[in-house]
Amino acid sequence: MKALPMRTRLYSLDELEDIPGTKVFTAIRSRQAYHLHKFCMSLMEAHNRNAFKADERAYLDRFRMSDEQKEAVLARDFNKLIELGGNIYFLVKLSNTDGWSTQKAVGSMTGMTADEYAAMMRAGGRPIEGNRSIKEGN
Amino acid sequence: MARITAGIATSHVPAIGAAFDQGRTQEEYWKPVFDGYEWVKGFQEREEPDVVILCYNDHASAMMLDVVPTFALGMAEEFEPADEGWGARPVPTVMGDPVLAAHLAEQLVIDNFDLTLMNHMDVDHGLTVPLSLMFGKVDQWPVRVIPLAINVTQFPTPSAERCWQLGEAIGDAVRSYPADLNVQIWGTGGMSHQLQGPRAGLINPEFDNAFLDKLIDRTDDLRAITRLEFLRESGSEGIELIMWLIMRAALGEKVEQLHRFYHVPASNTAVGHIVLRPAG
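As given, the protein sequences belong to chains A and B, one line each in that order.
Heads up: the first sequence begins at 7 in my numbering, then just goes up one per residue.
Heads up: the second sequence begins at 138 in my numbering, then just goes up one per residue.
Everything labelled a hint here was simulated from the structure, so no lab data went into it.
The structure displayed is predicted, hence computed values, not measured ones.
All C-beta atoms, glycine included, are put in the ideal place defined by N, C-alpha and C.
Don't take each hint at face value.
On the chain B side, residues computed to face chain A include the following (Cβ under 10 Å) [as the list claims (entries may be wrong)]:
id, residue
1, T142
2, A155
3, D220
4, W223
5, T230
6, G338
Using C-beta positions, here's what the derived DEER-type ranges look like [claimed, not checked]:
id, chain 1, residue 1, chain 2, residue 2, range
7, A, N56, B, P227, 30 to 38 Å
8, B, R183, A, E77, 55 to 63 Å
9, A, K59, B, R161, 44 to 52 Å
10, A, T14, B, G160, 19 to 27 Å
11, B, A225, A, L10, 33 to 41 Å
12, A, E77, B, Q394, 24 to 32 Å
13, A, G130, B, A225, 50 to 58 Å
14, A, A60, B, E390, 54 to 62 Å
15, B, D357, A, R37, 46 to 54 Å
16, A, K59, B, R140, 48 to 56 Å
17, A, E89, B, R140, 45 to 53 Å
18, A, R37, B, R161, 35 to 43 Å
Stretch-level coverage of chain B by chain A, calculated; a stretch enters the list once three of its residues show a Cβ under 8 Å from a Cβ in chain A [to be verified]:
id, segment
19, 369-378
20, 390-396
Please model the complete structure; the sequences and the hints are all you need to start from.
Below, the structure written as structure tokens:
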């Protein structure tokens, strides 16, 4: 039997990869990060936050996360965590546990210091010009 | 008969909630943000709405891990503020309206919207920050709230057009409810912002202000915005603006703008707020 054609998309899915400095959180990425996210959501309970703070490595070993994901948690490497499937709304449970502001967690992914990032936001944020498309360079 | 008397949209930044809870609303950084909401608090005192249908997104607090509903309607009598990693916000329990919610569920499914019905869920800053902005510090919320959670996070998210259609169906469902209720519908989230990766901090005031302009009388343009365009132009989290379209569509064809506010920044985000009245 011949395969049916897929439904017509309004744009190619490759276009989603064309936005500079951006990873689109898809269903498949969500699967990749399921156990990482389960860890993050466990931090919504105070007793789990305490257990994590007491021994981070031992607490992480309760979850079926990849070693790479565990190392990125220990390093608070949010870019790496997003590369490994993570989504910011789960990940801020971790930065909230650390007492970080969301701005500090988000700014840590930009290569700027927290002060530089905060100053950029006060000055109106990162401009759209030059940040729309990798291939168009606009 | 129940009627929708106003549509309200606002951003729902968590840092606004933190500043509010910690009494920092008069600090230099936050005062311009909170000043933008003084008008609406007076408006709400005059309007005395009975129920708010509150479109928001859950931020991995009650959903997103094991279930990812596209449209989820809150059916419960009560919704507790969620602990998002620093303890729950010190705000009142949110009281629901299970009878109106059941009516909406029935009517919307007849209209071919296959909703997920939530008999239990906690509600996070996406829902409670807008309540704080509209009503200030209170011992109990002066309205019942029917939460409507939309997946704006995991692709594929619903399209702008689908959100518009849902809003129209909600408008019809409310107007077919026999009890005499003053109902508001709120759209929350946005405006432009990006919370991930090296492009984090993106703000696009031109896109945001065009969106606010068109929300009044050029809504066809907004319904045609693709997911890709939202991502490119308003940042990876700016796509929350599709929830504003549910609100707008529920008001009918013509609206009057009663109030509008725009400010950059609150933490990582451009803050937008608009109050609309259906105009026949």
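The hints, checked one at a time:
| no. | hint | result |
| --- | --- | --- |
| 1 | T142 | 32 Å, violated |
| 2 | A155 | 8 Å, holds |
| 3 | D220 | 5 Å, holds |
| 4 | W223 | 5 Å, holds |
| 5 | T230 | 17 Å, violated |
| 6 | G338 | 4 Å, holds |
| 7 | A:N56 - B:P227: 30 to 38 Å | 21 Å, violated |
| 8 | B:R183 - A:E77: 55 to 63 Å | 56 Å, holds |
| 9 | A:K59 - B:R161: 44 to 52 Å | 26 Å, violated |
| 10 | A:T14 - B:G160: 19 to 27 Å | 53 Å, violated |
| 11 | B:A225 - A:L10: 33 to 41 Å | 48 Å, violated |
| 12 | A:E77 - B:Q394: 24 to 32 Å | 51 Å, violated |
| 13 | A:G130 - B:A225: 50 to 58 Å | 33 Å, violated |
| 14 | A:A60 - B:E390: 54 to 62 Å | 59 Å, holds |
| 15 | B:D357 - A:R37: 46 to 54 Å | 37 Å, violated |
| 16 | A:K59 - B:R140: 48 to 56 Å | 51 Å, holds |
| 17 | A:E89 - B:R140: 45 to 53 Å | 49 Å, holds |
| 18 | A:R37 - B:R161: 35 to 43 Å | 40 Å, holds |
| 19 | 369-378 | holds (count 4) |
| 20 | 390-396 | violated (count 0) |
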